[in-house]
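> Fit chain B to the known structure of chain A by using the hints.
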Amino acid sequence: MASMSTEERVQAVSQFLLQSPPGEINDVLNDVRTLVGDDESLEAGVLPALQQYNLEQFTVAEVPGAGHTSIVSATAQIPGEQDRFLDPRSKESFLFDHLSLEASDPQPHEPEEASEPFRSALEASTLQYLSSHFNDGTASVFATPNNATRFTVQIVANKYNPVNFWSGRWRSEYIVDLDERKITGRILVNVHYYEQGNVQLETKHNASIVLPASVTASSPSVSSKKVLTLIADQERAYQESLGDTYHEMGEKTFKGLRRALPLTRQKLDWDKVLGYKLGAELSASKGVFGASGGSS
Amino acid sequence: MDIVSSMLDLMRRLPPTKIEENVDALVQISPDYADDLSGNVDQPLKLRVDKATGKEYLACVYNQDGESYRSPWSNEYDPPSEDGPVPPPKLRKLEIAANEAFDTYREMYFEGGVSSVFLWDLEDGGFAGVVLLKKTLTPASHSEPSGSWDSIHVFETVERGRQAHYKLTSTIMLQLITRRESVEANFDAKDSTAWKHDGEVSLSGSMTRQTEQDHPVQDGTSHVQNVGRMVEDMEIKMRNLLQEVYFGKTRDVVHDLRSLDDLEKARRQRELQKELVGFIKR
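Heads up: the sequence lines are chains A and B, in that order.
Counting in full-length UniProt numbering, the first sequence runs from 1 upward without gaps.
Counting in full-length UniProt numbering, the second sequence runs from 1 upward without gaps.
Possibly wrong hints are sitting among the right ones.
[To be verified] SDA-like, lysine to any residue: derived pairs with alpha carbons at most 25 Å apart:
1. A/K267 with B/K196
2. A/K252 with B/L263
3. B/K196 with B/D103
[As the list claims (entries may be wrong)] Okay, the calculated bits of chain B under chain A, using three or more residues with CB under 8 Å as the criterion:
4. 43-51
5. 60-67
6. 95-109
7. 146-153
8. 167-179
9. 205-213
10. 219-225
[As the list claims (entries may be wrong)] A few chain B residues that face chain A, going by a derived Cβ cut-off under 8 Å, partial list only:
11. E82
12. D83
13. P85
14. V201
15. V253
Note that these hints are calculated values from the structure, not bench results.
Note that this is a predicted model, so its numbers are computed, not measured.
Glycine included, every Cβ here is placed at the ideal spot set by N, Cα and C.
Okay, chain A solo, but in the shape it has when bound (with noise of 0.2 Å):
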């Protein structure tokens, strides 16, 4: 097999970058710092690999200056501008170092006067939310550039216990749209196990909820209290139905691959187990080493 360039081998491990499992990307890439083997050229090629995975996974980046957390994300990215973020809490926008994942050089960045009132209310209700039921999680609530009735929720928690061998992500994003009177909304759920094994959850769900005639642009405040009690509702829906997989998957489909014991409730017999004849047959083959202390 013909060995591949240094190019190739740094596009192929990109793709294991984009798999890293939650808090686990720095082992992840000393791991193909060493299949590489050029340090030069897999810095400046996987930073495409780095940025994407910071994207997708909803990466937390602390606000200089801000006292608080934000979210990288697509919906994050300033049009234009590749590696700067915009955080609605603070009004501000960073630069983000896709490698070292630090933020900094904050810039002002003046919202949309339409659509800030309802966007700074739904950050209100979302924040609130997020401090009742995420134990380490971040939420940035973005309003749509030259649109005043849509606007985006994400929210993503972390927890990473490298030294019990755990990791666990949540993400979760919803599209509010006033106009199309609905939200779409998508939860991932990762979890990484790893004591003397690889262990992975992994989850998707996505949902569609209507909005209640109730919610209207020109009430932010009861409106977006509305909306997060309907989130709220989905996700904790979801959450007692993941238990109920989980549920379903122990008792009927585990259970179904392999039972604790046989139908006798007892172990094997294995002096039994060997049929008789060709039991037989092997101690002539073999040889018998004598009358030991016995085996059963």
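What follows is chain B alone, placed relative to chain A:
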């Protein structure tokens, strides 16, 4: 870190559902390490049919010779391989007995599925083998979970007088997938809300454990019985472990990420309690 340990660390982290394509990609990147990789990374077992007997068997690196695989039932390679290794007659007899025994074991515990046992001589005396078991559940309807179980038990044994020393390395790969789709509507007096959703839950991976034990040997069949008991005990232990990790551990992490209970309420209650304690102390 050297290349092999980097590769193995990578396989410990990347999604188990993509194990085959990722191993292929690693082989492309570092072809010189292909053997290290296939010898150290367990992949899902492939089902094949023995042309001579019509019986199903399992294919893996231990019965592979190039593109051909040896069936434990007929001892034939498919496609035929002139120089594909087969066990010497004595060991083949033991292999036949082991296949019969584990076929019974499979029926008792898996109530279906396929088993295969392969044995080979070790250079320094003694012999080694692999016990393979696989069961797949295909759902009757779209909403029911599907699943698969793959056991790979590799053992080595050396006889020491009337005792034999056994080293067993067991890997179990378990995959469970549920797909859901539903529409729900809730019409109450004030607000009518309706939602529909669809989704997928996948729990997949593998766990590996090792054990070393000494057991008495009287004759050839003793090895089958000893390995049989060791594999049985190991699978019982690992089934409990898998249950704990798949349905306990990963679920706990989800609840660690998002709490069903209102954390703010709990916080307020704790603060209130503190105030009360302070008030009483005063």
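> A separate judgement is required for each hint: does it hold in the structure or not?
Verification of the hints:
{"no.": "1", "hint": "A/K267 with B/K196", "result": "47 Å, violated"}
{"no.": "2", "hint": "A/K252 with B/L263", "result": "33 Å, violated"}
{"no.": "3", "hint": "B/K196 with B/D103", "result": "46 Å, violated"}
{"no.": "4", "hint": "43-51", "result": "violated (count 0)"}
{"no.": "5", "hint": "60-67", "result": "violated (count 0)"}
{"no.": "6", "hint": "95-109", "result": "holds (count 8)"}
{"no.": "7", "hint": "146-153", "result": "holds (count 4)"}
{"no.": "8", "hint": "167-179", "result": "holds (count 3)"}
{"no.": "9", "hint": "205-213", "result": "holds (count 5)"}
{"no.": "10", "hint": "219-225", "result": "holds (count 6)"}
{"no.": "11", "hint": "E82", "result": "24 Å, violated"}
{"no.": "12", "hint": "D83", "result": "22 Å, violated"}
{"no.": "13", "hint": "P85", "result": "21 Å, violated"}
{"no.": "14", "hint": "V201", "result": "5 Å, holds"}
{"no.": "15", "hint": "V253", "result": "4 Å, holds"}
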